[in-house]
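For chain A, the structure is supplied; the task is to place chain B on it using the hints.
Number of protein chains: 2
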Amino acid sequence: MTEQKATNVTWHEHQVSKDERFKLNGHKGAVLWFTGLSACGKSTIANAVDYKLHLAGKHSFVLDGDNIRMGLNKNLGFSPEDRTENIRRIGEVAKLFAYSGTFALTAFISPYKDDRNKVREVLGAGEFIEIYVNASLETCEQRDPKGLYKKARAGNLPNFTGISAPYEAPENAELVLDSDNKGIEALADEVIAYLQKNGYLSA
Amino acid sequence: MTEQKATNVTWHEHQVSKDERFKLNGHKGAVLWFTGLSACGKSTIANAVDYKLHLAGKHSFVLDGDNIRMGLNKNLGFSPEDRTENIRRIGEVAKLFAYSGTFALTAFISPYKDDRNKVREVLGAGEFIEIYVNASLETCEQRDPKGLYKKARAGNLPNFTGISAPYEAPENAELVLDSDNKGIEALADEVIAYLQKNGYLSA
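Protein chains in written order, with this note's numbering: chain A, 11 to 213; chain B, 11 to 213.
Each hint should be verified, as a subset may be incorrect.
Note that the list lumps identical chains together, so a pair holds whenever it fits in one copy or between two copies.
[Unchecked claim] Derived SDA-like pairs: lysine to any residue, alpha-carbon spacing no greater than 20 Å straight-line:
1) K62 to E23
2) K192 to A203
3) K156 to E23
4) K33 to E91
To be clear, the hints were calculated from the coordinates, so they are not data collected in a lab.
Okay, chain A solo, but in the shape it has when bound (with noise of 0.2 Å):
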């Protein structure tokens, strides 16, 4: 039994390190950070970049309300400390896909500056791509797919960004997208093009 416990400290123990990690999947990892209004088109635009670079046979995933709200934040709700909670937290696990070589592309109004930055310093230099889709909150009231921003004029949603919560647009964002003139592919190839320019999509 002494033999077999001293194999425990033979073994060298290996770390696979960020680049050989970019190696393997063939292009780096990062987190594209959609920022925006509700229904600004975040999301959408997020799984078309995630899908565009799948078949590309690039990885990437979609952090969104849908995995996040139902999931990891379930314990979250909407007043201003548990919004800086909820995007705290969006950004660590972002940061771990990004640094296993994943595209992280995420999804959530984030309408903090405050918020957004410290998540930009938790990442390395060229890891936090933000990507503010610009649409007018007159456009974004037109297309209330929810309906949300009908309760909100209501007044029966507290904490309504751009109604009844502030929004706070980044002044220095990687990409701006016009949301308002431009339709989803359009803005979708603008953020593939991007990537292309900086370099992401090799290794």
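This is chain B only, laid out in the frame that chain A set:
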């Protein structure tokens, strides 16, 4: 402008399915949940499995104290409630990795049976592989690489699993590793063999 807006609705929304992600990677995703006493070898074995999977071109990622306690769960302590929330969050993140087509290897003591079973429940059939790294308290106390058992015995570590807090061993783990008598590499190979035998290593 009206024409351009219309393109928003012509893009058919695609969701990349779990199976399509598995196909891209050439293998399934799953959670490999290592549980056991402090110093039983969880993290070392998980990293050895990660390394071997990586060399074989498979996608995997280790979630452990190093990247979770300093990030996602840095606002949690070691009370029973915080341990439960710690494991819940890790389970949800591991699930996201598994759904993205990656083997999520988690290396946490996770002493409570109920907490581990809750993670099992949020995952689909076959997606949660519980791996009990079985080392006797005696073995772990002899190893004691960080001097934690010594501190706990001296009464300086409240809630230390095995000494001042309980460890509830799994009764129906998918895999039990004999860490008293076998070395790291042999145990890692047992995990790989389990994945191979049960069809996880192909899509």
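Verification of the hints:
no.	hint	verdict
1	K62 to E23	between (37 Å within a copy, 11 Å between copies)
2	K192 to A203	within (15 Å within a copy, 51 Å between copies)
3	K156 to E23	between (51 Å within a copy, 17 Å between copies)
4	K33 to E91	neither (39 Å within a copy, 40 Å between copies)
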